[in-house]
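Here are the chains, one letter per residue:
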Amino acid sequence: MERDVAIIGMACVFPRAPDLASFWRNIEAGVDAITDVPAQRWDPVYYDPASAAPDRVYARRGGFIDDFAKFDAGRFGIMPAAAKATEPEQLLTLQVAADALVDAGYAERSFARATTSVVVGRGHYFGPRMVRMLDVTRGTQQLVESLRALLPDVTQVQIESIKRDFQERCGTYNADAAIGLVPNLLASRVANRLDLGGSAYTIDAACASALLAVDLAVGELREGKSDLVLAGGVHLCHDIAFWSVFSQLGALSRRQQIRPFDRAADGLLIGEGIGMFVLKRAADARRDDDRIYAVIRGTGTSSDGRDTGLMAPGVEGQVLALTRAWRDAGLEPATVGLVEAHGTATTAGDTAELTTLARIFGEADGDRVPVGSVKSMIGHTMPAAGAAGLVKAALAVYHGTLPPTLHCDDPHPLLVRTRFRPLAAAQPWDASLRRAAVNAFGFGGINAHVIIDAPEADRRGAKRRPSVHDDDHALVAAAPTCAELAAAVAAGVSGGVGTCRVALIAPTSKRIAGAVQAINAGRARRGRDGLFFAPEGLVAAGGKVAFLYPGVEASFAPKVADIARHFDLPEPDVESPNLEQQGFQVFALNAFLTDVLAAVGVQPDMIAGHSIGEWSGMLAAGMFEGTSLRDLIASLRPGMLRVADLDYLAVGAGAARVSELVAGIPGMTITHDNCVHQSIVCGPPAAVERARERLREARILFELLPFRSGFHSPALAPHLDFYANALATVALRTPQRPLWSATTCAPYPTDPRAVTQLFLDHLVQPVRFRETILALYAAGARVFVQVGTGSLTAFVDDVLAGRPHHAISLVAAQHPGMDQLRRACAALYVEGAAVDLARVGLAAKASRPTPRGTVALELGAPLIRVEAAPLRAASATPTVSPAAVGHRVAAAFDASMRELAAAHTAIVEAFAQRQPTPPASRAGGAPAVGAPRTRSDRLELSLATYPELIDHSLVPQPPAWREPIDRAPTVPMTMSIALLMDAARRLDPGRTPVVVEDVLASSWLYVEPAVIVDVVATHLDARRIRVKVEGYVEGTVTMAEGYPSAPLPSTEPLADPQPFPVPMEHIYRDGWLFHGPQYQGIVSLRDYSPDGLRGSLTALPGKGALLDAAGQVYGLWVVASAEEDRLAMPVRIDRVEFFGPDPTPGTAIECTVRSRRFGRREVRADLELVEGDHVYCRITGWEDWRFETAGGIYEVIRQPSEYLLASFDEHGIAMLSDPGWRIVTIDFLARRFNSKRELDAAGGIKKLQRERQWLLGRIAAKDAVRRLVRERGGARLFPIEVAIDTGPNGEPLVGVPSGADLRVSIAHKDAIGVALAAEGTTPGIDIEKIEPRGEGFAGIAFSPAELALAAGDKREETLTRLWAAKEAAGKAAGTGLAHAPKRFVVEALDGERVRVNGRWIATRRHLDYIIAWTPV
Amino acid sequence: MSTLEESKAAILVDITAMIEEVIGEDWVRETPITMETSFVTDLEVESIELVALSEKIQGRYGEAVDFPSWLSGMELEEIIALTVGQLVDYIARCQSSR
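Going line by line, the protein sequences match chains A and B. Under the working numbering, read the first sequence as residues 1 to 1416, first letter to last. Under the working numbering, read the second sequence as residues 10001 to 10098, first letter to last.
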């Protein structure tokens, strides 16, 4: 068995390198990423180069990744609040691991998840959240004890207040947060979120951890225990305690520079980062056509034994590891071409390592081999050090570049004696064999060595990929302005937002430089050179996208096999043996490419076709049902050859000129007016010969075409009956999208008879393609997509020469398959069309500057500074005034203390309960002088305090349903804004809140049962107040003496306004919005546009109801504009400005929504609310998150009573599979299909997120019952109206409102749930997976006679069939198998039917499962 | 430089300008067009563009140069391999034989 292991994917984050591409760029360029320690990592007070104290350190420079500690919470289904409470290393490792899989090409592509393992090297250090736990538990008490000891007179109130304040400043610490601290969850979380079934664990081998992880991964793969391994290392610990260890050891560089192998090296600097690899057996990687960075040939590990002390590196142990690795690889050490050394730059470390290198690789003899250490650039990344080194070495062999090492200006004397040399600058590495070795040696004497080669294809002399950063197919970037875009591209930064966009195919440094020049020039580029750039894209500027479908062409040889593979679509047959056949294949290809466009999310605004390509257009416009187009063409087949005596001639001149030239030749007709420089004529061969002579004389190019069909000429007229008859068998629908006719140069008619007539006219009349293009242009088309192969893009360019437009072909001979498709998608992106670049591998992967919706993680746990004035000894009856203490809690309680004038104990008690509601009554007690900086109030949010919230319930339930909790009433985001403003007013009652900024919701705020929230308002400065509703929402309120003067409404137009597609009276009725009467603030809608939507609102009295109505308008715009994931809910708002007081209820408000960003997961808009002729409120940066609604989920979420989610087969079996729903989807579904009572019985909603099978079975069961009720003529029940309880034998007991005797049987396996319902009889159903079962199982489950039935070649399947049948029979008997499977006897097997205890059980195979059921 | 070479150099300048006009994209202006530049492989010229180029050649050189008949005498493979230099040579031949 081949022992080589391939590195097929990598991702990392290291100092100054947010991703793999930037890390490599930094390495190549020799970037020194060392900086001063950020204050949030440890406080400057600890830095004291003169001190030797254990709590002081003498160095303060290192490598830090704080700027890149951004976690995309939505991507992994983790709520932002939970993310902030989790150790950052866990989340960032998850993100980097997922990025590595994306890099390996497995973002969408399936792989063996069940046999994929995770091995991560991680030191047993502590992260910031763990530090905070120590602060909360130990630190608080230490503080309290110290205060008591030092200030004997300090009161309990003061102690409690300081303690509470200290703990609150430590951040959230609760059960969820505690889980986020368990260290091994680092690996488990990766396996969990990415659904991996191999082993997942962390290891600690100090600084050798990452290479040890790789060594273990290689073993897993070689032994066949895993088929894929995510391996790597992580270090995100810069706690002062960690630094103190190195400072005490004297290992840190006093000159604060890390200089591996330099004579002047005086120690290390600490770095941090994460590197992850996707590893796979090399043979498998080649089989699967994976991109291979490098092949691991051998690994070796060792311990120093007793060689030296625990902290001193031992040469013997290192030599052992290196020897073992080269023996493992079966290679000669002399063949090495690059060594990435451990290189700590400590005296002991460098000396030992250089001695080892000399021992293994020999002394200097001739050509010297480069040695270096990436620590010189990023510092020592500890357990992740081996990962940083291996990333560097793998990219070096892959790119054929020998990378530099820094600060080795005067090489160590021992280095001079080895055969190695440092490189100061990158050099090309042109050797045919590129072999590198990586060292990682850990404290305590643990050593690891890994040997890698460039992939075999390279060694065989195949040319390397062309571009500098050739893991990118293209550089794709966007920015608001050309200047910003040019800067981003020059810096190699991809991604970004804005309508100024560029896409550069094959981005070499030279081409990047050219692109920057083009961007600075500011002129659109739509070039064949693979540079697409638009200062403002045509679609972004309001242009429309037209799909153009080609017909039969003279040459037809599209290469689309790789596209089919990429999209997992059936490959269209395009090997044309003849023209007749080609007709079919053109349709097949066109339809295939239509599917591809749908898959990448590109939608046409208008459709046209050339010649019979118009039929493809009809298909795309939805005019044919099902397979009717194929049937029609099949029936036309003979007709396509019936007219034989005509020749077609393509002429290089316009139709007018050609008509003049052929005038007078009998039988000649113009059939196609293609463009300015081409038309097609046809006629009898003799006439065509005369025409050719005239054309030759006129010096006009022409070409005889291989067609003889007679299409588009009067010659076909006698055969029209035939076509009319064929067409009569097909039901044509009216176009679902605007389809233009090239016969009339106008949109298709809607009247069916007119459509039929046009279809026939099209056969005998010329194709007026040139005029059609002009008509499309006049109707707004600017981007033309040729959905097929052919010359239509050239025609468009010819017709529209000099006018802004972009003609894009999905297929081109010069760039086969995916190559051209990527260019087309890049072009569409640049023009501002919606297109899913990630789907074609063009997304700005890994390089995510700061995408919206990410959570910035705090990597440090800085000192907590309590904002109290110095404590004074207090008397027994406290007289401390808030002004004196200045402390918020004490301040808040001062009022109550004076009011009560009570004893000390009573005050302590009052403190324990904190402030009672309602708080407003106490506002008058606040002191006027020395106003408090902060104030905390406790509010009850419930249906009792805000009854209108029942109309803001997320889950539609039957009108008479008694349990409000099942409706999930929720605080709207806009009410939260009102609460923030209330809190600001309470703190600063003299002024008016005029702006609310940076509003971020971290969790749904369900109000049933009632929740008690703490609202904390703190002055940031004289005008701004930060308000937090702890755990739910926060924002900053700006106070002013009065409202600013109201501006006039914006005049920014909405392009191409249309009526809103859903009539107003259906909006609330049909669940397009979930809001009940007290939130139904939209009165009417108008001006629906790609840019936005306008609505007339009425101000309703509910708290936040008016702004909520504005948000509804935006939600509706998303519903109408999104193809999928149409449900959108607000999560954050950048800025809300008020220009006047709340309008009185009933006031008419005009609202305009302007879409600013339409992302896959998040969307943003600006909203303007106008009262009369002035703006009342302006909202910028309103962000909604989109929730998945594929596979019928949207309908069920909207109208649970009207729709079923499960699918049904012909036997009435309900089936539901989990495609990997996000957690929030599980939440939505669980609440719609179950009452709180049912959910509690199942262990609660959180449990369902992990154990989804139960929910799948429940949904299937309730849908089975609901369907049965409907079939019996009953009502359309809500799922919650079907109660399912569990009987004594575990059997489901069904209750429906009618009291009918309905029964159901449920089964689930893996991600599939099935159910069967029946009336008056107990059904039984089971699903089992076909898999090998041991003889032990067979012996217990089956009698010898039963086993005999399963003899034969499908034993596993048959045994599974019999077992499932027994289970189904057991359930139908109402008892289950009751641990006695042999009581249910299989008596006969007849095909798929199984007779159990005298009853026939039906079975069928579904994928790898057997479903068995009692036929109803 | 011989007269023939001089006239070829002049023709190349003309043809380059015509190609830039026909293709009408910035990148062509940034791409050096030489005698070796291929119409199909390097410039990805469409047949329609050859027609437009043909009109321009006729407008510039008149009856002496019969680009259409020269082109129609070629097999498909020859057209795919056609270079700017071949066209320049052809025009120079037509002019010198006049």
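Warning: the hint list may mix true and false statements.
[Claimed, not checked] Partial list, computed: chain B residues near chain A (C-beta under 10 Å): (1) Thr10016; (2) Met10018; (3) Ile10033; (4) Thr10037; (5) Thr10041; (6) Leu10043; (7) Ala10052; (8) Ser10054; (9) Glu10063; (10) Ser10069; (11) Ser10072; (12) Glu10075; (13) Leu10076; (14) Glu10078.
Source of the hints: derived by calculation from the structure; they are not laboratory data. Beta carbons: idealized from backbone N, C-alpha and C, even for Gly.
Item to check | List of violated hint numbers, smallest to largest | outcome: 1, 2, 3, 4, 12, 14
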